[in-house]
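Asks: For reference, the chains in residue letters:
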Amino acid sequence: MALVSLEGVGKTYHGRTGAWEAVRDFSLDLADGEFFCLLGTSGCGKTTVLNMVAGFEQPTAGRILLDGVPVERPGADRGVVFQGHDSLYDWLTALDNIGFGLRLRGLGRRDRRAKAEHYLNMVGLTGQGAKHPSELSGGMKQRIQIARALANDPRMLLMDEPFGALDAMTRAVLQGELSRIWAETRKTVLFITHDIEEAVALGTRVGVMKRGPGGTLKAVIPVDLPFPRERTSDAFMATFREVHALIHDEIHGAH
Amino acid sequence: MPSFTMRSTVRTDKLATVAGYVAGFALLFVIWHLAAAYLVKSILFPGPWPVFERALVLIEDNILQEQIVASMRRIMQGFLLGSAIGIPIGLAIGSFRIVRWLLEPWTEFFRFIPAVAMITVAVIWFGIGEESKIFLIAYTTVFVVVISTAAGVGAVGRDKIRAAQCLGASRLQVFALVALPATVPYILTGMRLAMANAFVTIVAAELIASNDGLGKLLWDARLFMQIEDIFVALVALGLLGFLTDRVFRVLIRAFAGRFNATV
Ligand SMILES: Nc1ncnc2c1ncn2[C@@H]1O[C@H](COP(=O)(O)OP(=O)(O)OP(=O)(O)O)[C@@H](O)[C@H]1O
Ligand SMILES: [Mg+2]
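Going down the list, the sequences are from chains G and U. Position 231 of the first sequence, counted from 1, bears residue number 263 in the working numbering, the numbering being contiguous throughout. Position 168 of the second sequence, counted from 1, bears residue number 331 in the working numbering, the numbering being contiguous throughout.
If you are wondering where the hints come from, they were derived from the structure by calculation, not from laboratory data. Please note that the accuracy of each hint is not assured.
Here are the in silico distance ranges between beta carbons for each label pair [unchecked claim]:
#1 G/S166 x U/F259: 57 to 63 Å
#2 U/G401 x G/K163: 35 to 41 Å
#3 U/G401 x G/M201: 53 to 59 Å
Covered stretches of chain G, as calculated for chain U (at least 3 residues, CB under 8 Å) [what the hints assert, rightly or not]:
#4 96 to 108
#5 232 to 240
Cβ atoms here follow ideal geometry from the backbone N, Cα and C, with glycine treated the same way.
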């Protein structure tokens, strides 16, 4: 059975400018342990889908099941890495940010520190745990977000363009680390991006979304390439071109 | 060693700040001296030296200390009372829409009635003893603290709350561990503004109805034309206000996480 099932999910916002159907008839099964990359142009409804899986927002049509149970609210089984880094707690150190979920569960100070240190090292920030978010670079903050989600040991990770605001080099480094961490932990990942290369480098499957209104899943392409992925290999290029063609149609309006 | 260089630049920064303050105050006194000695040349405008000498006399006679303690005790009592009332109300207004609808008319109404205008009723209700002053300081503190606290709660980032929720936080935990600490800098800023109001209010209240305090010192000095006493009181007010404000700024910075605060 799939870990997460989206069954004909739709979301219509009712705002000041009237009703806006952001997502329509979105169906997808996520298997346990897979790394699913959701690709789409800006405004097509990617964040909306993620927010519904996270339980921050409710679908206005269809339903989302986690282990067969409808998702009604956010929970510790779904860790989220947010698009910006406003979600870190400025008044806590990097280490205490990472250990925040453990604190919520009442874990003692010593155990919490030890576990947080472990994840601090995992994201490559050894020795920087005493810094506050204001003393960290953008890339370091995203690492802290990832470590914070992982330390809580969720069943799946929901990541919303986690590397979107980073420079190309930092992004490549973090992609490599995320891939390695995923190989180690085998968490189910729903990873949102608008970077085709990123999607093909990280995902076991890549889903391409159709532009809104009524954004929906247009195609799903399996990526059967071994990790770590060789970005200059012919097989990688072929998959890249396949995804690129789908996105290209999307941008230039051929439906 | 990088950590050493960082710490030493922090220290030189602090030294530079303190040196700047000392130089700034010194300049103020020099200009005051020059103005009194060469510009105004009136016995109604004493220079810093006669005022300093007078202050020494007042300190020797234990008069200045008593007035400062009297005024500061009222300020602290009223200020703490007002904050203790204002913070929970502000948190409630910021957290619950119903409370906002119910209480916002109150705060929006009373904050335009200055404490100084309330002196007369305060004296009628509470007499000229301590109660009326504490009431007035608390009154002037409450509304500023309520408004900034409520604004702080409203300004907590949505992602901060969502992050806690998907880490498994209960509503109570979201409030205590996210909304509250995120609001602390706003609360302290409100208290800092309220403290400035408290100084205004206490002097006005003591001028009109009191047996001691810096306001009383000012009033008596006017009655007996002791011009130096007036200046001693004014300088004392300025210095006290300056020092309390420093304390608040340090607290605000620490809570905002810009320094390695141990909070
Ligand atoms: N709270 C809201 N109220 C009204 N409309 C909304 C709301 N949130 C999103 N939308 C609309 O829904 C559509 C999809 O938004 P969404 O944030 O999901 O896009 P996205 O694919 O994540 O884009 P990006 O790549 O730029 O982050 C947009 O047209 C947006 O205007
Ligand atoms: Mg988005």
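Asks: When the structure is checked against the list of hints, which entries are broken? Sort them ascending.
Replies: 1, 5
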